[in-house]
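2 protein chains.
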Amino acid sequence: MIRIEYEDLLAYAEQVLEHIGYPSGKARITSWALVEADARGVPSHGLQRVVDYEKYIKEGLFRPEASTETVYETGLSAVLDGNSGIGMDIASKAMRICLGKASETGAGFCSVRNSNHFGMAGLWAEMAPPENCVGIAMTNTEPFAIVTHGRERLLGTNPIAVAFPAGRDGCFLLDMATTTVPHGKIETYARRNLEMPPGWAVDDKGADTTDSAAMSELFKSSSPFGGQLMLGGRGEILGGHKGYGLGLMVELFCSALSGGTWSRHVFSSGYGGAITHFFAALRLDLFGEPSKISELAQSILDEIRASEKAEGQDRIFVHGEKERMRRMKSLEKGVPLDEKTWEEMVLYSQRFKLDLPVSTGGK
Amino acid sequence: MIRIEYEDLLAYAEQVLEHIGYPSGKARITSWALVEADARGVPSHGLQRVVDYEKYIKEGLFRPEASTETVYETGLSAVLDGNSGIGMDIASKAMRICLGKASETGAGFCSVRNSNHFGMAGLWAEMAPPENCVGIAMTNTEPFAIVTHGRERLLGTNPIAVAFPAGRDGCFLLDMATTTVPHGKIETYARRNLEMPPGWAVDDKGADTTDSAAMSELFKSSSPFGGQLMLGGRGEILGGHKGYGLGLMVELFCSALSGGTWSRHVFSSGYGGAITHFFAALRLDLFGEPSKISELAQSILDEIRASEKAEGQDRIFVHGEKERMRRMKSLEKGVPLDEKTWEEMVLYSQRFKLDLPVSTGGK
Chain H
1 MIRIEYEDLL
11 AYAEQVLEHI
21 GYPSGKARIT
31 SWALVEADAR
41 GVPSHGLQRV
51 VDYEKYIKEG
61 LFRPEASTET
71 VYETGLSAVL
81 DGNSGIGMDI
91 ASKAMRICLG
101 KASETGAGFC
111 SVRNSNHFGM
121 AGLWAEMAPP
131 ENCVGIAMTN
141 TEPFAIVTHG
151 RERLLGTNPI
161 AVAFPAGRDG
171 CFLLDMATTT
181 VPHGKIETYA
191 RRNLEMPPGW
201 AVDDKGADTT
211 DSAAMSELFK
221 SSSPFGGQLM
231 LGGRGEILGG
241 HKGYGLGLMV
251 ELFCSALSGG
261 TWSRHVFSSG
271 YGGAITHFFA
281 ALRLDLFGEP
291 SKISELAQSI
301 LDEIRASEKA
311 EGQDRIFVHG
321 EKERMRRMKS
331 LEKGVPLDEK
341 TWEEMVLYSQ
351 RFKLDLPVST
361 GGK
Chain X
1 MIRIEYEDLL
11 AYAEQVLEHI
21 GYPSGKARIT
31 SWALVEADAR
41 GVPSHGLQRV
51 VDYEKYIKEG
61 LFRPEASTET
71 VYETGLSAVL
81 DGNSGIGMDI
91 ASKAMRICLG
101 KASETGAGFC
111 SVRNSNHFGM
121 AGLWAEMAPP
131 ENCVGIAMTN
141 TEPFAIVTHG
151 RERLLGTNPI
161 AVAFPAGRDG
171 CFLLDMATTT
181 VPHGKIETYA
191 RRNLEMPPGW
201 AVDDKGADTT
211 DSAAMSELFK
221 SSSPFGGQLM
231 LGGRGEILGG
241 HKGYGLGLMV
251 ELFCSALSGG
261 TWSRHVFSSG
271 YGGAITHFFA
281 ALRLDLFGEP
291 SKISELAQSI
301 LDEIRASEKA
311 EGQDRIFVHG
321 EKERMRRMKS
331 LEKGVPLDEK
341 TWEEMVLYSQ
351 RFKLDLPVST
361 GGK
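If you read the sequences in order, they're chains H and X.
Note that this note's numbering gives residue 134 to position 134 of the first sequence, counting from 1, and the numbers run on in steps of one.
Note that this note's numbering gives residue 274 to position 274 of the second sequence, counting from 1, and the numbers run on in steps of one.
There are no misleading hints in this set.
Identical chains share a label here; the pair holds if one copy fits it or two copies do between them.
Cross-link-like lysine-lysine pairs, in silico, BS3-like; alpha carbons within 27 Å at most:
hint, residue 1, residue 2
1, K220, K205
2, K363, K322
3, K322, K340
Simulated from the structure, these hints should not be mistaken for lab results.
Bound conformation, chain H alone (with noise of 0.2 Å):
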């Protein structure tokens, strides 16, 4: 592990991104989702995508130069086109256009359509609280989950991110996948050669199984079977069709609304990326005085952590406290990244001639 210092490494980033084909504002906004999500601690939507960020713009999924188009508007929403654009920007876009529709009605709301990538869904969510609104971002995937009772690929991990404001916090972040683990999580198991729990997927056959590497190799395959298991598990005992059914909540918001494709189809047009997003603002005065509304919701994290622990434990975390210690740590002593993703970013500097950041020192 190499820490870099971050302002650093979001310079060096975007020069990348701009050499890979990115103009230099959609570098801009990547580099930073990219750079955060490493110093937030969740290197699987870090700086190590864009290896695959550049295979996919020379497969043709993502489409640096397209603009994202308006094709549908009140005042309090818009849909947008992204057409295979680049997800960060159209995301951002998107975010702010909520934001500005909520600063005049009260509520804002974007639904998008041929999408890509967008990175951790926190970061569009956590626009929304610094301007006293509620935030929601949500977005389909390809698809890598079974449905209770399916055994086809249909729904993708389709996140969840709600940032609620709250007083010296600033927010409840909570950024879910609404599959049991990430995506990223199983390939990261693969790579390190580990069994995973049960209860994250199932093989072909429907069975449940630990065995990551095989499940790495499905989920490249051409089969159709076989996938991730949606939170709660397989079957009803533990409550898997509720993940099921966040999840399908999840497909319907960001694609039914945005007449685009849902998780299913979603790399299989022939066309270029079709993910769709749905994001929300949601002002505080709706509902009262900004300030109270946010104490009060502080008050109620605080008493959750203040709480007795379980046996062993010696802290109650609250959603999105663990990422904030882990940025500020970052921002300290510099953005972690580990050994495979810096050679990339090495092998990166020696191609395009780029002077490499260094690295701080820290642990």
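Given the coordinates of chain H, assemble chain X onto it according to the supplied hints.
Chain X in isolation, oriented as in the chain H frame:
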């Protein structure tokens, strides 16, 4: 099990509720909500609740004569104070306010404080699709659940319901507690002397337990320790922190946005019921032609249903479908009541000298 003709049961329950203290309009909406739950095969939210409701009226938790006040209002939103009135009456008013605001502006939101049990959350969300809106209903409840790494009962089962218009299906209707199971399920297991599967609850030491009788006692005890697990179960391996996050999100929408009480303190005010709710309606034409959106949603549901089944399964359901099937059967053959609930209805007929409805003889 006995089956009673839907309209007969509705009229009978209305009379019973009037005799235990409900004013007539509130008796009607409550009877409807309870009979609908029984008709849909969700007896935990059906007529078996009437005995408790009578107790709550005597204890001053439910105040049947209370008026609902609008304490804050904007063009898009309202905050209601239920003054510890009847939950179903308050919920139906709140959702009507959302739909009224949505018909004028495109979207409507309503948060509610000082309310009581409002029955199945789905009933209120479901009011939206016939008006070409997406509907959302959430509520907190008594504290039944522990949080990740915690030991005290802090959160309610905090259900979320989302109704999304969908072609000939009418709607996709997700209606889920954010705990692994609804609270009533543990009570049902205890009454029937059944062991629970691991993953539903932990005891007062924080250890996994399958002893439903002991848990049922624990819930009635003064000990604050031990309780239900949030969706995803104990710890973080299978995503228990996600269920905790969803439950906490419901808590913030319901109590922080209404200036009300969170689950932990909901029955400890020494005042009356202080349950909080949140409702929303979002007009489909914020995003395009409603019939096209609804048909696109329908096509996604149809594709899921038609996909390959897991071994040993012959059908994939989407959310709301099982309940619709049971409701149709109940309309045809009568609404099912279990022995105990029927006995309670018989006792009411004796106490209040009411004509008992007659069994349809259906199975």
